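Sequences are here, hints too, so could you generate the full structure?
Protein chains: 2
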Amino acid sequence: MKPYAFGIDIGGTTVKCGFFNNDGTFVEKWEIPTRKENKGERILPDIADSIREKLAKHGVSMDDVEGIGVGVPGPVLDDGVVNGCVNLGWGVFNVKETLSGLLGGIRVSAGNDANVAALGEQWLGGGKGFSNVVMVTLGTGVGGGIIVGGRILAGAHGAGGEIGHILMNENETECCGCGKKGCLEQYASATGIVRMAKITLSDNEKPSKLRSLAEVTSKDIFDLAKAGDETAVELVEKLGKMLGTALAHITCVVDPDVIVVGGGVSKAGQILIDTIQKYYVPAAFHACRATQFKLAELGNDAGMYGAVRMVLY
Amino acid sequence: MKPYAFGIDIGGTTVKCGFFNNDGTFVEKWEIPTRKENKGERILPDIADSIREKLAKHGVSMDDVEGIGVGVPGPVLDDGVVNGCVNLGWGVFNVKETLSGLLGGIRVSAGNDANVAALGEQWLGGGKGFSNVVMVTLGTGVGGGIIVGGRILAGAHGAGGEIGHILMNENETECCGCGKKGCLEQYASATGIVRMAKITLSDNEKPSKLRSLAEVTSKDIFDLAKAGDETAVELVEKLGKMLGTALAHITCVVDPDVIVVGGGVSKAGQILIDTIQKYYVPAAFHACRATQFKLAELGNDAGMYGAVRMVLY
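Residue numbers (this note's numbering), protein chains in the order written: chain A, 1 to 313; chain B, 1 to 313.
Any given hint might turn out to be false.
Unchecked claim - With the Cβ distance kept under 10 angstroms, some of the chain A side facing chain B (calculated, not the full set):
{"#": "1", "residue": "ASN83"}
{"#": "2", "residue": "ARG151"}
{"#": "3", "residue": "LEU153"}
{"#": "4", "residue": "ILE163"}
{"#": "5", "residue": "VAL253"}
{"#": "6", "residue": "PRO256"}
{"#": "7", "residue": "ALA284"}
{"#": "8", "residue": "ALA287"}
{"#": "9", "residue": "THR291"}
Claimed, not checked - Under the rule of at most 25 angstroms between Cα atoms (straight-line distance), these lysine-lysine pairs were calculated in the DSS-like manner:
{"#": "10", "chain 1": "A", "residue 1": "LYS241", "chain 2": "A", "residue 2": "LYS181"}
{"#": "11", "chain 1": "A", "residue 1": "LYS238", "chain 2": "B", "residue 2": "LYS181"}
{"#": "12", "chain 1": "B", "residue 1": "LYS29", "chain 2": "B", "residue 2": "LYS54"}
{"#": "13", "chain 1": "B", "residue 1": "LYS181", "chain 2": "A", "residue 2": "LYS278"}
{"#": "14", "chain 1": "B", "residue 1": "LYS29", "chain 2": "B", "residue 2": "LYS128"}
{"#": "15", "chain 1": "A", "residue 1": "LYS241", "chain 2": "B", "residue 2": "LYS180"}
{"#": "16", "chain 1": "A", "residue 1": "LYS181", "chain 2": "B", "residue 2": "LYS241"}
{"#": "17", "chain 1": "B", "residue 1": "LYS241", "chain 2": "A", "residue 2": "LYS241"}
{"#": "18", "chain 1": "A", "residue 1": "LYS198", "chain 2": "A", "residue 2": "LYS181"}
{"#": "19", "chain 1": "A", "residue 1": "LYS267", "chain 2": "A", "residue 2": "LYS238"}
{"#": "20", "chain 1": "A", "residue 1": "LYS181", "chain 2": "B", "residue 2": "LYS278"}
{"#": "21", "chain 1": "A", "residue 1": "LYS241", "chain 2": "B", "residue 2": "LYS181"}
{"#": "22", "chain 1": "A", "residue 1": "LYS267", "chain 2": "A", "residue 2": "LYS198"}
Rather than coming from a laboratory, the hints here were simulated on the basis of the structure.
All values reported here derive from a predicted model rather than from experimental measurement.
Ideal Cβ positions, reconstructed from N, Cα and C, are used throughout, including at glycine.
Following this line, the structure appears as structure tokens:
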């Protein structure tokens, strides 16, 4: 294996770039802006320019680079075709071939950003030491990634690991961003728990410190739950029940070694894991009841680690 | 690759044995009884004897055999360890190493029988031409198998594809065989739809031809539904809703190319597929809404085909 590789995590605002040694340690990490204008046509050329610049700075030849892994915020098929990516303005094209063409034919691998972050956590984060990992990322939405035998399960339409859209409540009246009603993400994300808080606070008159806040965040809810606020505890229980039940469905399908929980909401820590497990265990198939839960460890670097892992495996 | 291989499907009553050419065509297929006495200690030696006998009969040397694939009715880990198998009287041991030892060190692969049948259907049956397949088998219970990139997803505890135990109804009062209450299998199996029929027929007085039958079978229910019996139609709809919703959960996780439906209940044919899809489509993530449904094609031979495929890939 050649001594260097790049892991690139394309986001809607910035592109996180990692120049790695082939043991997964950073030579350097940096960010460049994501230029989305004109259907995002500058994004890949900007990345190519930035890679060439860093190679020159460190006196490394392209011949010593094993490859470039790229995480994209949209569905990516196994062959590298991006199936449209609204956040970047991209339509359907082969990101792997395009970036490779910009850099003299170098090996490129591409994956969906949530799947790529899951691979990073499996390799060097919360899932280290295990080859079968389910990762769930609780941020604005609920993202997920399934790693089987150390590889991303991308799926036939790039929808592998889209666990935020498991239907959890057929009586829901509000719409999810995806167009359905009652998706996991409407309850178990940062946005979801705040949405539930608004409904709960207007549905009853129970005293709660949440009522005194100008704007409720998911952090407020978890902090107040830790302090014993009854309404906040109820909301955390609701999130835990939805997520624990959905994860029990998921382990019946893929039976991972470990479930890694990441994203902003996971900063709540052990209370989150404990509440998920409270509902996970009775809903899970007996063989999967003892499946471990871990917190994610790589934070915002998970995408770069996972991206580079695609070319270092 | 060597010219021959064996695919062995161990059941609770008989062992189905297939002697194959390496293109997946049969040289011969036959059955031997499953001798379960003394903790099933004769099962693997009986298989080894039978294989030696067929090789002698056809004048084929063991050196011309690529390997032996074995399907087992219990959880099997990737390394060939069977995690206990009540139906056969087996405890925990390595079926791969044991059978290999009985046949001079030949290559053996082992998998759970539902997963192995799924692999057979993916290779040469309803999933032919696709590498990512979810198979659901509607028999006495609900079995499943997940094939990703042409390989079985066995899972960390051999519970990959145990989709019959996805929790579909938290208000259920009766127990599933697994100990939980409200598993998919309690509604969507042959036993499950008959169970629902008994409840429905005793809960109301609605006229139905089902009332005139001494014993109701799942075939009766589907036949009467096709003939327009209102209660039978309702029961088929209930089964379709449970299964369609569960399959929508599953495609959010693994996003297959195709869903193959097999087992005794699948003999009902298109009415079953249509009813599942009626509930699947609105519950599915948009990228997976058009995922194809196919009926299984290999019947009771699926296990032998899948077993031999494990050593012919």
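Hint by hint, here is what the structure shows:
| no. | hint | result |
| --- | --- | --- |
| 1 | ASN83 | holds, 8 angstroms |
| 2 | ARG151 | holds, 8 angstroms |
| 3 | LEU153 | holds, 6 angstroms |
| 4 | ILE163 | holds, 6 angstroms |
| 5 | VAL253 | holds, 5 angstroms |
| 6 | PRO256 | holds, 6 angstroms |
| 7 | ALA284 | holds, 8 angstroms |
| 8 | ALA287 | holds, 4 angstroms |
| 9 | THR291 | holds, 7 angstroms |
| 10 | A/LYS241 to A/LYS181 | holds, 18 angstroms |
| 11 | A/LYS238 to B/LYS181 | holds, 20 angstroms |
| 12 | B/LYS29 to B/LYS54 | holds, 10 angstroms |
| 13 | B/LYS181 to A/LYS278 | holds, 17 angstroms |
| 14 | B/LYS29 to B/LYS128 | holds, 22 angstroms |
| 15 | A/LYS241 to B/LYS180 | holds, 16 angstroms |
| 16 | A/LYS181 to B/LYS241 | holds, 16 angstroms |
| 17 | B/LYS241 to A/LYS241 | holds, 22 angstroms |
| 18 | A/LYS198 to A/LYS181 | holds, 18 angstroms |
| 19 | A/LYS267 to A/LYS238 | holds, 18 angstroms |
| 20 | A/LYS181 to B/LYS278 | holds, 17 angstroms |
| 21 | A/LYS241 to B/LYS181 | holds, 16 angstroms |
| 22 | A/LYS267 to A/LYS198 | holds, 22 angstroms |
In summary, the structure agrees with every hint in the numbered list given earlier.
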